[in-house]
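Q: Work out the full structure: start from the sequences and follow the hints.
Numbering (our numbering), first residue to last: 272 to 428.
Keep in mind that a hint or two might mislead.
Claimed, not checked - No farther apart than 27 Å at their CA atoms in a straight line, the calculated lysine-lysine pairs in the DSS-like style are these:
id	residue 1	residue 2
1	Lys360	Lys295
2	Lys283	Lys370
3	Lys360	Lys281
4	Lys281	Lys295
5	Lys360	Lys296
6	Lys305	Lys281
7	Lys305	Lys283
8	Lys305	Lys399
9	Lys295	Lys305
By construction, these hints were calculated from the structure, which means they are not laboratory data.
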Amino acid sequence: YGIQLRAKQKLKGYYGDITEKQFKKNYIEASRMKGDTGQNLIGLLERRLDAVVYRAKFAPTIFSARQIVSHGHIYVNGVKCNIASRLVKPGDEITLGKKAQDMALVLEAQSLPERDIPDYVSPDGAAKVSYVRVPTLDEVPYPVKMEPNLVVEFYSR
272 YGIQLRAKQK LKGYYGDITE KQFKKNYIEA SRMKGDTGQN LIGLLERRLD AVVYRAKFAP
332 TIFSARQIVS HGHIYVNGVK CNIASRLVKP GDEITLGKKA QDMALVLEAQ SLPERDIPDY
392 VSPDGAAKVS YVRVPTLDEV PYPVKMEPNL VVEFYSR
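A: Below is the structure:
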């Protein structure tokens, strides 16, 4: 139980301390989908707008990505969106607002050499990215090993 709980807390913490209610909702949705529940959970978490903004190097941390979204600096397909938990679909275009492009936070994030933009987020210039597809666990550049199968075991007990 302790190992499963730690795995769940690690995954939750990585995505900016998502609330338990939100995380469980994602798990339930992932378990209803076809295929491996663990992979589906990772896919759903990576589709969150704050996660995509972080992956696109518009923000240095997932927390600042959530703040940039909630302050209305992000546009999805040309429409302003301030909901960090919004799920983006493959083909969606995520654009950084004009004001935000000059923010020190954004400039700092774009200059970070140790973080690459993953294949499932395609850059279209400095302030625009396209969400190409839902990633698998192996494609997501986690700093530590994540174990979604333990999270699935935790919730299915």
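Q: With reference to the structure, classify each hint as holding or not holding.
A: Comparing the hints with the structure gives:
no.: 1; hint: Lys360 / Lys295; verdict: holds (21 Å)
no.: 2; hint: Lys283 / Lys370; verdict: violated (30 Å)
no.: 3; hint: Lys360 / Lys281; verdict: holds (25 Å)
no.: 4; hint: Lys281 / Lys295; verdict: holds (14 Å)
no.: 5; hint: Lys360 / Lys296; verdict: holds (18 Å)
no.: 6; hint: Lys305 / Lys281; verdict: holds (25 Å)
no.: 7; hint: Lys305 / Lys283; verdict: holds (23 Å)
no.: 8; hint: Lys305 / Lys399; verdict: violated (31 Å)
no.: 9; hint: Lys295 / Lys305; verdict: holds (18 Å)
Hints 2, 8 from the list above are not met by this structure, while the remaining hints are.
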